[in-house]
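Engineer: One letter stands for each residue in the lines below.
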Amino acid sequence: MEATLTRPTACCCRALTSSALTSSSSTSRLAALSRPSLLSGVRQKSTKARHKAALNIPPHPTFFADRSSEDHIIFNPPSSAPSVFHTPFKFLPKSDPRRRAMFDAHLFASSVTTKFANPTSSSESSSTAPTAEDLPKVLERDDPMAKNHSLTKEDVEEMRRLRLEDPVNNSVKSLAKQFGCSVMFVMMCVRAPAEHREKVHVLPHQAARERWGPKKREAREARQRRVEMLMKGEL
Amino acid sequence: MKRLRVDRWTGQLLVASSSRPATPGVAAALRSRRCLSTTTTTRHQSAVAAEAVAPIYENAENVAPSDLRFPPLDKTLPANASSLPSPLPERALHSPKLAALHARLTLSPKIPLQTLARALVDASADPNPQFNNSNLAFVGQTLINYHASEWFMMHYPRLPMEVLYAAMKGLGGDPSLNKVAMSWGIEAAAAPGGEVDPGLLQFSLESTGDSILGFGYKRSEVNKLQNSKWRRGVASRVVLDNDFGEIVSRNFGVKHDGEEAEPTEKDITSYGNAVKRAISQKAHANCMRAVVGAVYTHCGRDAVKSFIKAHVLSRTIDLSKLFEFKHPTLELAMLCSREEFEPPVARLLSETGRLSRTPVFVVGIYSGKDKLGEGSGASLEQARWKASMNALKAWYLYSPGEDVRMPSDMLEEDAKPWEPAYIDIGEIISR
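Heads up: the sequence lines are chains A and B, in that order. Per the numbering used here: the first sequence ends with 241, consecutive numbering throughout. Per the numbering used here: the second sequence ends with 1190, consecutive numbering throughout.
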């Protein structure tokens, strides 16, 4: 089989084995990457070859570690997203026998809720149920404390009056800031007059849209398609 | 729900006889058939035994010299075979293809070859309901859809109606039953006629038969629905549309303004255009349903249940891919408020390459201290959507287990008393 190898393939094989065995060549390449002259400069025709060569990084040395000496686990396929067919504890109906079986485990150390290593918490807290500090941090916009749920009917009416009177100065954002609620809530409460919507949101966008080139148009369409695919679970 | 006359389901299939037609319409159809044939040969549909009148067979020596260019395919072909729309039922006993199909499906010997031959005649080939498979296919379709819907309801009690419709179509719809029929080795005749082998599936590509298969009402606003995108809510689909939530339409493959659907250039392949492929698919599926109906007619309830389980319910269908959401975060928040869980919040579990071109964020959706779902995406927003979609799917795809009892299990003798199954209270948002 070796005899039938064509010449370029043989070259590749030799290059691969040499890079695997001798770390000197790989380190020199990595050193070349960090050379400021290559990375800081603008890419020109004269420097194109050097740039490409610098990007040609060999695989990480751990891929070539001597595996005969120690036992280790290879995750192949690598760790994946949890299956949707695994019903979380909270979603099990009251009558389900799994609920009773999982209850004890859930009380002390849940198998459903993943525990995350927290350097500030002590080691004994990991054996008990996760506290609020153990959980990862909340994304900003989902923080329930950040929203103001104490708006009264009068507040809402005031908001509507302001928006309908002067939609230019009382924008959705400024009203949200003024009343301490989300932008979405303002939009749920009141809709700007039709002529304002036409003037501010439709006409300027139409003019801008007509100036778009094919690339921008395609990029926008692709973005919309990606959202559709995401909602279908294809992405 | 429309009421079924169970006592009238299949009784008439077995006693069907051309000498005493049930309705005047059928009698007229038969009279016209006799005029068409102009010979003494009469067709009898008798599934009990082959006691029919022996047909007059053509003598090979009587063939005129000019006809020798196209010699008869079968020596035992009756004289007027080509004038009939479908092969005579007696010829079923001499067809090797039919016998092979019967043996391949390991059908019970109680099912005669004549019935199997009748299951292979589509309504488009022979409009006479006493000789085509429309009655058998109706029974078969009802049974398949009953068992499929029962299986989904018991195994996945929280499925939304739209997903249930899609899943039902995935098991009992035309495309999948077409595949079952193909896997059984059912081959189609090039054109229907009395002279073709009764072991071949016979249907016409020119016209679809006007047999009624399945339930549903024809909507008066069907043109508006097709052309101007009127809303068709799930509630009206449940009441008006067919078992798969599709609009009931008699003119198949034809646009509703009366013109025939013009096949586009993309549709035309070496296998014909899309309309013809759909007609073929429907004929194969109806044939498969008719075989199920034949099993029920001759062997009974238990036999057809195991037959459907083996051939239809055994097919795998990935329910998690049938979902499509519009506002997943809103839907999840409504679910949590309905079930009185803590409002869902998104928490960032891990991330990599936030400032790079290809970042990955892993976001988990939590209600209180419980994680409901987890998803990864290239932006925080995408990951949050994905995590809420996964949480919703985990809710909808709850299953009480593999070995749930079906309501139809209660029909067996000495069955244990029924324990109420888990039923969900309904949809989270109306669609």
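In case anyone wonders, no lab produced these hints; they're calculated from the structure. Treat the hints with care, since some could be wrong.
Claimed, not checked - To list a few chain A residues with every Cβ distance to chain B over 12 Å, as calculated:
{"id": "1", "residue": "HIS57"}
{"id": "2", "residue": "ASP77"}
{"id": "3", "residue": "PRO88"}
{"id": "4", "residue": "SER89"}
{"id": "5", "residue": "SER101"}
{"id": "6", "residue": "GLU164"}
{"id": "7", "residue": "ASN175"}
{"id": "8", "residue": "ALA182"}
What the hints assert, rightly or not - Covered stretches of chain A, going by a simulated chain B footprint (3 or more residues, C-beta under 8 Å):
{"id": "9", "stretch": "94-100"}
{"id": "10", "stretch": "231-240"}
Unchecked claim - Once the Cα atoms are required to be at most 27 Å apart in a straight line, the calculated DSS-like pairs of lysine-lysine come out as:
{"id": "11", "chain 1": "B", "residue 1": "LYS1068", "chain 2": "B", "residue 2": "LYS1175"}
{"id": "12", "chain 1": "B", "residue 1": "LYS1128", "chain 2": "A", "residue 2": "LYS143"}
{"id": "13", "chain 1": "A", "residue 1": "LYS179", "chain 2": "B", "residue 2": "LYS938"}
{"id": "14", "chain 1": "B", "residue 1": "LYS1068", "chain 2": "B", "residue 2": "LYS1080"}
{"id": "15", "chain 1": "B", "residue 1": "LYS988", "chain 2": "B", "residue 2": "LYS1080"}
{"id": "16", "chain 1": "B", "residue 1": "LYS1175", "chain 2": "A", "residue 2": "LYS238"}
{"id": "17", "chain 1": "B", "residue 1": "LYS1128", "chain 2": "A", "residue 2": "LYS100"}
{"id": "18", "chain 1": "B", "residue 1": "LYS1175", "chain 2": "A", "residue 2": "LYS100"}
For every residue, glycine included, the Cβ atom is placed at its ideal position computed from N, Cα and C.
Engineer: So, for every hint listed, does it hold in this structure?
Structural biologist: Hint check results:
1. HIS57: Holds, since 17 Å exceeds 12 Å.
2. ASP77: The claim stands: A:ASP77 keeps its Cβ more than 12 Å from every Cβ of chain B (closest is about 27 Å).
3. PRO88: 6 Å, violated
4. SER89: 8 Å, violated
5. SER101: 6 Å, violated
6. GLU164: 26 Å, holds
7. ASN175: 30 Å, holds
8. ALA182: 18 Å, holds
9. 94-100: Since three or more residues must qualify, the claim that chain B covers the stretch 94-100 of chain A holds, with 6 doing so at under 8 Å.
10. 231-240: holds (count 4)
11. B:LYS1068 / B:LYS1175: 21 Å, holds
12. B:LYS1128 / A:LYS143: 12 Å, holds
13. A:LYS179 / B:LYS938: 56 Å, violated
14. B:LYS1068 / B:LYS1080: 23 Å, holds
15. B:LYS988 / B:LYS1080: 25 Å, holds
16. B:LYS1175 / A:LYS238: 42 Å, violated
17. B:LYS1128 / A:LYS100: Distance of about 19 Å is within 27 Å: holds.
18. B:LYS1175 / A:LYS100: 23 Å, holds
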